[in-house]
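J.: Take a look at the letters that make up each chain.
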Amino acid sequence: MRESIRALLGSAITVAACYSLGSVLAGRLRLKLRRLERWPIHFLLGAVLMSALVFAILTLRIAYRPMFYLLPAASIGIRVWLKDPNLPGEDPAETGRSMMQKIARGLFAAIAAAFSFLYLADAWAPEISPDGSAYHLGLVARYLRAHGFEAVTTNFYASLSAGVEMLFVPAFSLGRHSAAALVHFAFLIALSVMIYAYGKRIGRPIAGAAAAVLVYVTPVVGADGTSAYIDVAAAAVVFGVFYLTRIWDEDRDPRILVAIGLLGGFCYAAKYTAAIITVYAIVFVIWRSRRLRPGMVVAGLAVLVAAPWVIRNWIVWQNPIAPFANSIFRNPYITPDFERGWLDGLRLYGLASYRLLPMDVTVHGVATGGIIGPFFLIAPIALIALRWREGRRLLLPAALLLSTYFSNIGARFLIPALPFVCLAMALVVERALPVLALLVVLHASLSWPKVLVRYSQTWVVPWLPYREALGLRSREAYLLQHPEYRQVRMIDRNVPAGERVLIYGDRLPDAYTSRDLLVSFQGALNNELGDMVSAGWAKAYQPDVAWVFSFPERAAERIRVVQTARMPRPDEQWNIHEMRFFDRSAELPRRPEWRLRAFPNPWGVQMAFDHAVATRWRSWETAGPGMYMDVDFGRSEKLDEVRLETSAGDQDLKMEVQEWDGERWSTVNAKFSEVAMTPAGSARRSAGQELRARGVHYVAVRDTDWGANSVAAAPEAWGMEIVARESGMTLYRVLP
Amino acid sequence: MEFARFWLLTPLLALAGCQSSVPAYAPPAQRTPAAEIPLSGPPQLVWLSAPGAKPFVARDVNLEDAFEVWYWAGPRPAVRVRPKTDQGLSYVIEFLLTDEAMAQTGPVTITYSIDDHVLDRRAYASPGHYFFKEAVPRDWLKPGQDAIVSAESDRPFRHDGIESAFRLSSLGLLAE
Chain A
519 MRESIRALLG SAITVAACYS LGSVLAGRLR LKLRRLERWP IHFLLGAVLM
569 SALVFAILTL RIAYRPMFYL LPAASIGIRV WLKDPNLPGE DPAETGRSMM
619 QKIARGLFAA IAAAFSFLYL ADAWAPEISP DGSAYHLGLV ARYLRAHGFE
669 AVTTNFYASL SAGVEMLFVP AFSLGRHSAA ALVHFAFLIA LSVMIYAYGK
719 RIGRPIAGAA AAVLVYVTPV VGADGTSAYI DVAAAAVVFG VFYLTRIWDE
769 DRDPRILVAI GLLGGFCYAA KYTAAIITVY AIVFVIWRSR RLRPGMVVAG
819 LAVLVAAPWV IRNWIVWQNP IAPFANSIFR NPYITPDFER GWLDGLRLYG
869 LASYRLLPMD VTVHGVATGG IIGPFFLIAP IALIALRWRE GRRLLLPAAL
919 LLSTYFSNIG ARFLIPALPF VCLAMALVVE RALPVLALLV VLHASLSWPK
969 VLVRYSQTWV VPWLPYREAL GLRSREAYLL QHPEYRQVRM IDRNVPAGER
1019 VLIYGDRLPD AYTSRDLLVS FQGALNNELG DMVSAGWAKA YQPDVAWVFS
1069 FPERAAERIR VVQTARMPRP DEQWNIHEMR FFDRSAELPR RPEWRLRAFP
1119 NPWGVQMAFD HAVATRWRSW ETAGPGMYMD VDFGRSEKLD EVRLETSAGD
1169 QDLKMEVQEW DGERWSTVNA KFSEVAMTPA GSARRSAGQE LRARGVHYVA
1219 VRDTDWGANS VAAAPEAWGM EIVARESGMT LYRVLP
Chain B
3 MEFARFWLLT PLLALAGCQS SVPAYAPPAQ RTPAAEIPLS GPPQLVWLSA
53 PGAKPFVARD VNLEDAFEVW YWAGPRPAVR VRPKTDQGLS YVIEFLLTDE
103 AMAQTGPVTI TYSIDDHVLD RRAYASPGHY FFKEAVPRDW LKPGQDAIVS
153 AESDRPFRHD GIESAFRLSS LGLLAE
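Respectively, the protein sequence lines represent chains A and B. According to our numbering, the residues represented by the first sequence are 519 to 1254, in order. According to our numbering, the residues represented by the second sequence are 3 to 178, in order.
One should not assume that every hint holds.
As the list claims (entries may be wrong) - Under the rule of at most 27 Å between Cα atoms (straight-line distance), these lysine-lysine pairs were calculated in the DSS-like manner: (1) A:Lys-1057 <-> B:Lys-56; (2) A:Lys-1172 <-> A:Lys-1057; (3) A:Lys-1057 <-> B:Lys-135; (4) B:Lys-56 <-> B:Lys-86; (5) A:Lys-1172 <-> A:Lys-1156; (6) B:Lys-144 <-> B:Lys-86.
As the list claims (entries may be wrong) - Some chain B residues near chain A, calculated using beta-carbon distances under 7 Å: (7) Ala-28; (8) Arg-33; (9) Pro-35; (10) Ile-39.
To be verified - Between beta-carbon pairs, the in silico distance windows are: (11) B:Gly-108 <-> A:Leu-869: 21 to 31 Å; (12) B:Ala-125 <-> A:Gln-1169: 33 to 43 Å; (13) A:Pro-1088 <-> B:Ala-28: 32 to 42 Å; (14) B:Gln-89 <-> A:Leu-895: 46 to 56 Å; (15) B:Asp-162 <-> A:Ser-1184: 44 to 54 Å; (16) B:Ala-105 <-> A:Ile-846: 38 to 48 Å; (17) B:Asp-162 <-> A:Val-1193: 22 to 32 Å; (18) B:Asp-101 <-> A:Tyr-872: 18 to 28 Å; (19) B:Ala-31 <-> A:Tyr-984: 55 to 65 Å.
These are calculated hints, taken from the structure and not from any lab test. Every residue, glycine too, gets a C-beta built ideally from N, C-alpha and C.
Okay, chain A solo, but in the shape it has when bound:
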């Protein structure tokens, strides 16, 4: 019960603090908002400020719990002290409603109430959503343990902008995991209220109410908006920007531009793809005012709000827009190869063809991780709204937001466009009010969890976990129903504090452990550690061929091997297990004076010079002309052979040996031959030793991970021992 109350209080305090700050800001800007608009827009504006303040607190490393009592208390206190700092907007007089309109409104309100009951229980119940409990809250928990930002360069999710997660920080500090989910739920309510308010503002209240309900009950919106995700929050901020541009267009008050700019910047802070609405806002205000200055005001403030995230990434990740563009901003933390594979995966989510997408994202939800509901199969009727100005105003931003969708076809990525599409659809059908009401009822019925599970295998909000939410039933028991929670708790119980654990397969809910989990796909170091374990069991990861370049004996101070071919497939990398030099069949001993360089991935070059079977230098991007591995001997060395040990799969590579003559590189006329070889020593033991050498003393492997049985069959052959098993996962300790 205590935990439940804490969660509710933690979220309520955070939301109240955001509202208070936003209210004060709106008052300073003298925004004239209508009654219904005030709460959501004040909340959003306050969220921008609260997020920035928490960012500063984490940067200064003063994130102690009292700070998160002080900050909301000060925010709420200022708001109370200033009484009502806001100017009242003009609420238009309510016109007479027909009986049908009254019935429709009543129906919509009843549907919204039923879903709210459901959603509140889900948001308040223990948080165990996949992304929420893994990285959104995993990172928040980690920053709070460190009392500030940590350079978490082994998890690329930490490089994403985290404006919304900054609001989870005080909520989590005060009320733990569920408090963060409840804060996100507040964004869902704000979004829905704004949609309704927008309908009222444009004189179409029934369309607004219908659109609000349509968005609110959409399955993926409900599942996401009641978890510690950020997509619904991003959608709310996006709609807030659009909304404020509308108000500005009516009032032409330049102070509104400040609010637009701040929220526009927060779009980037919340989610990179949401920033496209900021571009829309800038172009819109320039176009409507026929002046550059309003656009510059919006752009300038947006940059100001977004800049901390860009600067943080540049400092920590050496890439201002990490985790993207890693082949431009090369860095030791995220590989271009990972980025390519990840983005390829996001473009299709395993679907065989885009033709399957409409049904998957609306009905099945097998691949796209959620559905928007079969109702949206008729979404093209929204295009009829192009006939009217209001419709065009909605559909242009919708098109812009959808333009980024095919870079990630997860259902969640449709959420920002849904308010616009739903409003446009409602405008089209509004005149046939019974039809509109029927559509809303149909969508709500098909989205009701008990119905949804009958036709879809998708992400559904849990069915009324009120007992757990209220603490009448054990929250821990609720979490223990989830195998991944049991697995992460096993790690927490068995791994000493401060240790790193390599997770060889998919991620775990990091938010429930204080151990440093290195998920094998989440960072360049993790990729390398995973590569070592793979080398222990997979032949493709072991050296089996030596590429030998022989030439007449010569004295050289610096030699390099350059890759010259273009690869036919993007997944073809250049891998070098060992690079060796020979003179009259005797290997040149590696002296400490040697200087090793490689391009790309200079940070991994030592792995081609360590004699370890399980390590190798990899380009970690598609092999291309100009890549090289270069050794400066520090003095003149006689040699007649360069040998690269690699894998037989690298058939498309072409290489040449070059020598540095003090001024330029010249090609050495070398005779090339391939020699089959077997790894020197045990690849399995080498893998264990290399993990340990990098401070990784624990490995967790699921039974279903590739190669899992190789370790399970003989842990001792890997230099490991079984520490514990839980729900199909084995935790191994790497022995000294």
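Assemble the complex: chain A is given as a structure, and chain B must be docked to it using the hints.
T.: Relative to chain A, chain B alone:
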């Protein structure tokens, strides 16, 4: 105007200024190759590509025909295992049903057995990577006493003239 131009150029100059040269490193500590640890007796779980696994293959696995760690198995592959315990043991098998196989056989049913006990039967309709795991009744196994763990396909086909069923990487028992 000149001032505005300066502000536009600044980010570009900053980007250009951050182009670093390729760092150089000294050779790291040189590793000594570690020898394999040989199996002292039948394991609980046989990883076919592990050094020393061959003696524990009881039948129907072609250890000469591998792709990576996947070996062609005949219709009734089996391994000899020695359980260390009789508690919490599961039967485990990891295999591939290849496109080539499924094109010739259509859906197949695989029967999972330990000695003469049939543990389960499963039907497979499409090619793919399969992992089967199921708890073994306690009285089927005795600690320290060898058992034959097998899988039998009802529809073998001919691969390179040899009766084959699927590609196998591992088969045996896993302790919970």
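J.: Quick one: which hint numbers does this structure break? Sort them smallest to largest.
T.: No hint contradicted; all consistent.
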